[in-house]
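Chemist: From these two lone chains plus the hints, build me the complex, please.
Protein chains in written order, with our numbering: chain Z, 1 to 204; chain F, 1 to 385.
Quick caveat, the hints were computed from the structure, so don't treat them as lab data. Every residue gets a Cβ at the ideal spot worked out from N, C-alpha and C, and that includes glycine. Treat the hints loosely; a few may be bogus.
Listed below are the simulated SDA-like cross-link pairs for lysine to any residue, each with C-alpha atoms no more than 25 angstroms apart in a straight line [what the hints assert, rightly or not]: (1) K200(Z) - S292(F); (2) K200(Z) - D293(F); (3) K200(Z) - S67(Z); (4) K152(Z) - L75(F); (5) K200(Z) - P94(Z); (6) K200(Z) - L73(F); (7) K200(Z) - T87(Z); (8) K152(Z) - R169(Z); (9) K152(Z) - Q74(F); (10) K152(Z) - D185(Z); (11) K200(Z) - T69(Z); (12) K152(Z) - R80(F); (13) K152(Z) - A79(F); (14) K300(F) - V276(F); (15) K152(Z) - A76(F); (16) K200(Z) - D151(F); (17) K152(Z) - F83(F); (18) K300(F) - T96(F); (19) K200(Z) - A310(F); (20) K200(Z) - V155(F); (21) K300(F) - L240(F); (22) K152(Z) - L240(F); (23) K200(Z) - R131(Z); (24) K300(F) - A310(F); (25) K300(F) - L97(F); (26) K152(Z) - K200(Z); (27) K152(Z) - L65(F); (28) K152(Z) - N213(F); (29) K200(Z) - V56(Z); (30) K152(Z) - P94(Z).
To spell it out: a stretch of chain Z is covered by chain F in this simulated footprint if at least three of its residues, at any positions, have a beta carbon under 8 angstroms from a beta carbon of chain F; those stretches are [as the list claims (entries may be wrong)]: (31) 78-86; (32) 172-183.
Derived coverage of chain F by chain Z (criterion: at least 3 residues anywhere in the stretch with Cβ under 8 angstroms from a Cβ of chain Z; other residues may be distant) [unchecked claim]: (33) 53-59; (34) 98-107; (35) 298-306.
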Amino acid sequence: MAEATEDGPRTEPREHLSNWVPLGVAAAAVAVLVGGWPLVNALVPGSESVPSGEPVPVGAGGDYRASLTFPQDGWLLDTGSSQAGQTYRFDRGPVQLTLNSVTPVTEPPPTPEELWEGMRRIARAGESSARLSDPESISTEEGAEGLTGTLKSDSQQGAAVVYPSPDGRFAVEMTLAGQDATTADLAAVADVVRSVTFTKEGAA
Amino acid sequence: MSPESDDPRIPATTDRGAVPSPRPSPQDPPGPRRVPPPRRGGGLRTREQRLPALVSLVLITVLCLAGLLHLVLQLALPARVFFPEALLSVILGAATLVLGFWVLRRIRPVREPDADASLVAVAWGLFVATSAGVIANAGLGSVWAKGLGLDLAGVWGAALTAPLNEELLKLAGIVLVAVAFPSAVRGPVDGFAIGSLVGLGFEVTENFIYSINMVLMAGGTGGLVPVVQTTVLRVGLTGLGSHWALSAVAGTAVGLLAAVAWRPRARRAVGAALLVALSMVLHWFLDAPVFSDVLGILFKVAVIFATTMAVYFTARHAYRRRVRKALAAEAEGLGVRRSAASALATRHGRRRELRRVALPERPAVAARQDQMVEIAEDRAVRYAL
Chain Z
1 MAEATEDGPR TEPREHLSNW VPLGVAAAAV AVLVGGWPLV NALVPGSESV
51 PSGEPVPVGA GGDYRASLTF PQDGWLLDTG SSQAGQTYRF DRGPVQLTLN
101 SVTPVTEPPP TPEELWEGMR RIARAGESSA RLSDPESIST EEGAEGLTGT
151 LKSDSQQGAA VVYPSPDGRF AVEMTLAGQD ATTADLAAVA DVVRSVTFTK
201 EGAA
Chain F
1 MSPESDDPRI PATTDRGAVP SPRPSPQDPP GPRRVPPPRR GGGLRTREQR
51 LPALVSLVLI TVLCLAGLLH LVLQLALPAR VFFPEALLSV ILGAATLVLG
101 FWVLRRIRPV REPDADASLV AVAWGLFVAT SAGVIANAGL GSVWAKGLGL
151 DLAGVWGAAL TAPLNEELLK LAGIVLVAVA FPSAVRGPVD GFAIGSLVGL
201 GFEVTENFIY SINMVLMAGG TGGLVPVVQT TVLRVGLTGL GSHWALSAVA
251 GTAVGLLAAV AWRPRARRAV GAALLVALSM VLHWFLDAPV FSDVLGILFK
301 VAVIFATTMA VYFTARHAYR RRVRKALAAE AEGLGVRRSA ASALATRHGR
351 RRELRRVALP ERPAVAARQD QMVEIAEDRA VRYAL
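Chain F with its partners taken away, still in its complex shape (with noise of 0.2 angstroms):
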């Protein structure tokens, strides 16, 4: 047991600020009780917020679709002329977005990030930020180009260009996200996720446009060859410590922020400014011209995986030990035994109490574990203040 369960003076309020942790009373009858439902998904914290979330969330849309737009427009006359080769690069790209998407939301503690957020997150990422990443891009790119030389600005021009527009336009997208679901990004764990699926979609649109253009550098010869190579390299090489980790760090910080509800003090201040500055500086090191073979490229990606999972179990580890504290104070309240509500903060220990159980009465029990973690997660954001 941990030392917090044994704290059994837990505050009754939540970010819902309606839903009471039930409490023993004279009045009431031992054993367990029903938990009031929480409002899944809903339940904005103030009335302040609604329209701003309103407002965002209209402009995630417009910019999607302005995003698609676009993407079609530079995108369409080269994929219906490499047909083949554009069917296949969507078709592993799909099936990196699938894959991703399930991994990524099933690695936050606790529970799966909220659907609608991670959905829009993803959409940032493949319309959006992809989007605008072409167009901001050129623009710089030109310009080193034109200042730096064209020799220099081809050794140098990724590494100066991509840390800077790529990582601050997904930023953006991971503040908007939080913004408009501010129940769904309440701290740093959410934002790791949320931001790890605006990167994965950015990577997916990022590694069609690449397939596209291997197949033009290779001079439309090779067939099916230079999409095949692109995946090799962009997932399987450097999977691991591209864009889902780099803006899974970033979105960390904006987590942070959002904990706090964008007023931090300085020390968080900080920390989040850091954050963003290393999913930046690790950004420059994959794209810098060192290290650039083979075993140099694995070596800049395990840097960049380790840093991301060093930042992942910093704020996995800090969040589980305030739900399961307070999941252990609503123990008291239920009736539960504390080590048994512990356990529920996490999947497997939720599926290992539900096998305790006979099996007509799991589906009850399933939703009240629910309940219990919903409004245990509530209140360990507020520890987290």
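So that you can see chain Z by itself, here it is in the shape it has in the complex (with noise of 0.2 angstroms):
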């Protein structure tokens, strides 16, 4: 049976690398992207200084686009939780804007109440107490109509706004609050959330 050697295996038996060493670096591999990324994310500096008066876009959707104006300085953007035309947070002291760009994906659009009801839950989704009042009437300084009320939960309180765009394809909602934000914290920069404008795509 001398045959069976010939035309068999081209190579001949090689050392085995122990299998200890794939396991290893798989393993490895797993522990250095998840420990990692948040260790180097936290060790990057990530706040903006956003300055007074200069609109900042916060996102766009059918024919419209919106900007946030703030009316006092000392607000920064905390760019590692935002996202461009989605989500954005803004910190000043103790108090905390976070902004969404939602685009609603039924034909008609959702009415006001409708997009409030939608804040409402998004809102518990994200803590479990969160509670949003009936809502009222605002409007922009620029006279955009929206609905606004108050946000509560176990570790915070302040005001929730949504603002549909003009022609409804997209709204821009926010809370303004902070866990450690006093009544006259959030009193001091509550206008704020009046300083949205929408702007027609095109126009200058």
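Modeler: Next up, the structure:
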């Protein structure tokens, strides 16, 4: 049976590398990715000062884009917690302004009341104790109509606002709150929620 | 008949080491004879593999439980608030999982991959790779936002984050499955199949996360519409070129390395590295902000699917050829016609051969087919070295 060795496997048996090596490399890769990026993120500073009076683009949809103009100095954009066109988090001392640009998918677009109801559910999806009050009318400084109410949860309280864009294709939703923010802190910056501007695309 | 089948001089060794190939001897009676039953799913090649296999399995189990817990903590609250949406997403995900599991196991040539390894691979994708991906992507995504600015990160962030994190996290799972089940991942076709199953699991959980995100991005309005849209987009439009395909390509690399006990020569090492790089480049291509309209996305999916199929058919062709060669060699020892033995390399061929046998004899013949194919696959692995 000498022929058995001639046309068999083309190579001589090679020494096995211990299976501990791929096991260790794979486990290390998972550990590095899961531990490494959050660590690097924590080490990189991520706040940008937002000057007052300058519009900050915060979303677009349909024929319109939205921007926010801060009346006060001292606001910082938390870039690590923000996503362009979708989510923005601004801080000023103990006050946090969280802004979401939402894009309804139904036709016709939802009413402001339906948007408020959706926002109510989204608040509970983020924190189970979060509750929005029944809404009241509010308008931006430029006259866009929206709804506002109070936000209360076990950890914070403040205000919630929603403004549908003029064609209803998207909406700007904001909460102004903060775990350590006092009523006075919130009152001092309350006008920020009225500084949203909708601009028609292509308009100067 | 293939040229290979003319070569009767096949070594009798197998990877299980203890299953000799039956050969005719002067003492043997003529005609068919019984093949010694191989140990299905068992037979770790060396004693040195057992402890790493056990540790790997324990590690996978622990990480699966941790990943599941993390995902539950992340998603339970939104899923409770948007319960109908979450329920529909789970149902659609389960359907995707069942269909994908069946299809992707079927595409392995010769026979399905080991069932235990397949399930563990899916579990890694479902729980570990996705959970770890959520953490790693959030970290790296924030780093890009801080380093590049929100606008640039908004355009390029996904393409700079997901291909690196997600492909490596899925790849780590394929490697761990290969270590945990060394007799189930012994070559490129095994790696392709196990990789595709890891990718399938990842895709199903990711689809669920995307569905919930879409519901939130729609402002909590629209009911089930965002969930249906997500499924249509991610299963219907991009399904053929998504995670299962990307990880199948990377898994082929793992199979190449596992086949040589993780000690490749330079050419094989380069080939494996290129396949892993290819999976990342394809993922980058899918996520990059180019060709972003529907036709463009279809083009990208077609490129990924075609590339994956090129890898698949290359691996399948080589493997089937080796299995046919091994079966032809076995045929001689068993008194079976070579053509009949070579036909056993495909599921269709085995069914056809079975139909030629009288009904009462079929179970016994089917069992013998299984044994022959298993031994032939053992041999085929050695031919690839």
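Chemist: Checking one constraint from the list: CA of K300(F) to CA of T96(F), max 25 angstroms. Satisfied?
Modeler: Given that 25 angstroms is the threshold and the Cα spacing comes to 21 angstroms, the pair holds.
Chemist: Would the hint linking K152(Z) and A79(F) be met if the CA-CA limit is 25 angstroms?
Modeler: Holds: K152(Z) and A79(F) sit about 21 angstroms apart, inside 25 angstroms.
Chemist: Does the structure keep K200(Z) and R131(Z) at a Cα separation of 25 angstroms or less?
Modeler: violated, 33 angstroms
Chemist: Against the 25 angstroms threshold, does the CA-CA distance of K152(Z) and L65(F) hold or violate the hint?
Modeler: violated, 34 angstroms
Chemist: Would you mind confirming whether the straight-line C-alpha gap from K200(Z) to D293(F) stays at or under 25 angstroms?
Modeler: holds, 23 angstroms
Chemist: Decide if the proposed pair is consistent with the structure: K200(Z) and L73(F), CA atoms, cutoff 25 angstroms inclusive.
Modeler: violated, 41 angstroms
Chemist: Taken at face value, is the distance from the CA of L240(F) to the CA of K152(Z) at most 25 angstroms?
Modeler: Roughly 46 angstroms separates the two Cα atoms, so the pair is violated.
Chemist: Do the alpha carbons of K200(Z) and V155(F) lie within 25 angstroms of each other, as the hint requires?
Modeler: Measuring from Cα to Cα gives roughly 22 angstroms; hence the hint holds.
Chemist: Would the pair K200(Z) and S67(Z) pass a check requiring their Cα atoms to be no farther apart than 25 angstroms?
Modeler: holds, 11 angstroms
Chemist: Has the given pair, K200(Z) with T69(Z), been kept, meaning a C-alpha gap of at most 25 angstroms?
Modeler: holds, 17 angstroms
Chemist: Measure nothing beyond the straight line between the CA atoms of K152(Z) and R80(F); if it is 25 angstroms or shorter, mark the hint as holding.
Modeler: Status holds; Cα separation ~19 angstroms.
Chemist: Does the structure keep K300(F) and L240(F) at a Cα separation of 25 angstroms or less?
Modeler: holds, 10 angstroms
Hints 5, 6, 8, 19, 22, 23, 26, 27, 32, 34, 35 from the list above are not met by this structure, while the remaining hints are.
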